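Novice: What follows is the residue order along each chain.
Protein chains: 2
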Amino acid sequence: MKLNVFLSPLIVDELYFTGKTTVVIDVLRATSTIVTAINNGVKEIVPVASVEFAVKVSGGMFGGQTLLGGERNTKKIEGFALGNSPFEYSKEIIEGKSIVFYSTNGTKAIAKAKFSEQLFICSFLNITAIANHIISLNTDLEIICAGRYNCLSLEDSVCAGMLVSKLQEHFGDLEINDSAKAAIIMYEKFGSDIFSLLQITDHGKILIENGFEADLQYCSGLDILDTVPYYSNGVLKKQNSK
Amino acid sequence: MKLNVFLSPLIVDELYFTGKTTVVIDVLRATSTIVTAINNGVKEIVPVASVEFAVKVSGGMFGGQTLLGGERNTKKIEGFALGNSPFEYSKEIIEGKSIVFYSTNGTKAIAKAKFSEQLFICSFLNITAIANHIISLNTDLEIICAGRYNCLSLEDSVCAGMLVSKLQEHFGDLEINDSAKAAIIMYEKFGSDIFSLLQITDHGKILIENGFEADLQYCSGLDILDTVPYYSNGVLKKQNSK
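As you go down the protein sequences, you meet chains A and B in turn. The working numbering runs 1 ahead of the 1-based position in the first sequence. The working numbering runs 1 ahead of the 1-based position in the second sequence.
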């Protein structure tokens, strides 16, 4: 079994993913928020790669049941109902709704991987559920980290390393690339205390400055959700509701 | 003092480097070869970002004292006098000559950083010389790793981490980005045995397959050279011959 990690979406072309099985990771906060929203009963999430497209898509396509959500540079976007904090995506607010979702790094990573045959959304919140699902598929895997403004982010790298380690525990040694080896090393260094890790990363520090420390605490919650979001025909849904 | 590491040149724009002090690392093998050639008395090296430009530049600009050197995808380029192995750049062959040099990843990284106010070339061979020179400059620093086909490479990341660690030993805690933290962790994991590291990296394995294991041994030679190559007006020269 071959496994490649990409620590930033910029470094790989979208056509690379054609026919592949791919996992997207953006711990702070897009994939943590997506997993939460899907666990809380959202009908579907439409990830988009630009704010302009979010506004365009939301205009009537899904009727009155559509919400705009996301952030640009950590801030809620003007005219959007929801930001990028998982706490905004409660059952009461989003159950049964369609959400058109944009984030600075996360949804761009999903867009980059859109030609994958199978595409799943991972965070610390649902990492064992994702690992078990990949184990059941028994296929080669690409893991793409959203990173931050095209650079790697420690939190995404550690999450990728944890996922690779879980797969290696099951499959034994895998054929992995240098970035996967780097991710495992970062996981071995920081994986025992995710909340402390999130507080020292570039993105974590900016979120704390903007009043989102509670988001860091929540996003460090290991395996609190059992949801496997998958992407198909332009939307994200719950795997078992396929 | 602020220090940023970029684990791949793709993720940053060339204008970012305007006015900065920058170190370029491509352990296998461009920066190891450049340091060797400059230590062996080459007059100057003209790093170019494309083979076509290498051929164009070499045509008469430097008269009969010009050699073409480099590689594309590990192989010597047709019509080029020299490849990318440091063993080809002996004193007898290159002393006093100008070399127009191209490599798949390394010279692209140098080209990306060309607007830097000061630009230096680092490998394991001259890492302490580079660290001491940066310490004498006492300035903010950018470290750009050539990586491999836009992804990080373990050997460049470990070399960057070693350089950051040397600077931290002198200056105390620096303000560093996530990629610099990742590089330090990779250095702590692999830094004690560079030759073994080079043998397990993606690029190292391919070089071994192509018969270049001796190059790996040579490129792992810590501080065997005291040369600080710097870039100015389109050419690389020895710092102390400025």
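Just so you know, the hints here were simulated from the structure itself, not pulled from any lab data. Keep in mind the model is a prediction, meaning the values are calculated, not measured. Using N, Cα and C, we set each Cβ at its ideal position, and we do this for glycine too. Mixed in with the good hints there might be a few duds.
[Unchecked claim] The calculated lysine-lysine pairs, modelled on DSS-like cross-linking and capped at a C-alpha distance of 25 Å, are:
1. K115(B) x K239(B)
2. K21(B) x K3(B)
3. K21(B) x K239(B)
4. K190(B) x K21(B)
5. K3(B) x K115(B)
6. K206(B) x K115(B)
7. K238(B) x K190(A)
8. K3(B) x K190(A)
9. K167(B) x K76(B)
10. K21(A) x K206(A)
11. K3(A) x K115(B)
12. K3(A) x K44(A)
13. K190(A) x K167(B)
14. K77(A) x K167(A)
15. K238(B) x K57(B)
16. K167(A) x K239(B)
17. K206(A) x K77(A)
18. K206(A) x K76(B)
19. K167(B) x K3(B)
20. K238(A) x K92(A)
21. K3(B) x K3(A)
[Claimed, not checked] Computed spacing ranges between beta-carbons, pair by pair:
22. E15(B) x L16(A): 50 to 60 Å
23. S193(B) x E53(A): 31 to 41 Å
24. I136(A) x V56(B): 29 to 39 Å
25. G212(B) x E214(A): 47 to 57 Å
26. I225(A) x S166(B): 31 to 41 Å
Novice: When the structure is checked against the list of hints, which entries are broken? Sort them ascending.
Specialist: Hints 4, 6, 7, 9, 10, 11, 12, 14, 16, 18, 21, 22, 23 and 24 are the ones this structure does not satisfy, whereas the remaining hints hold.
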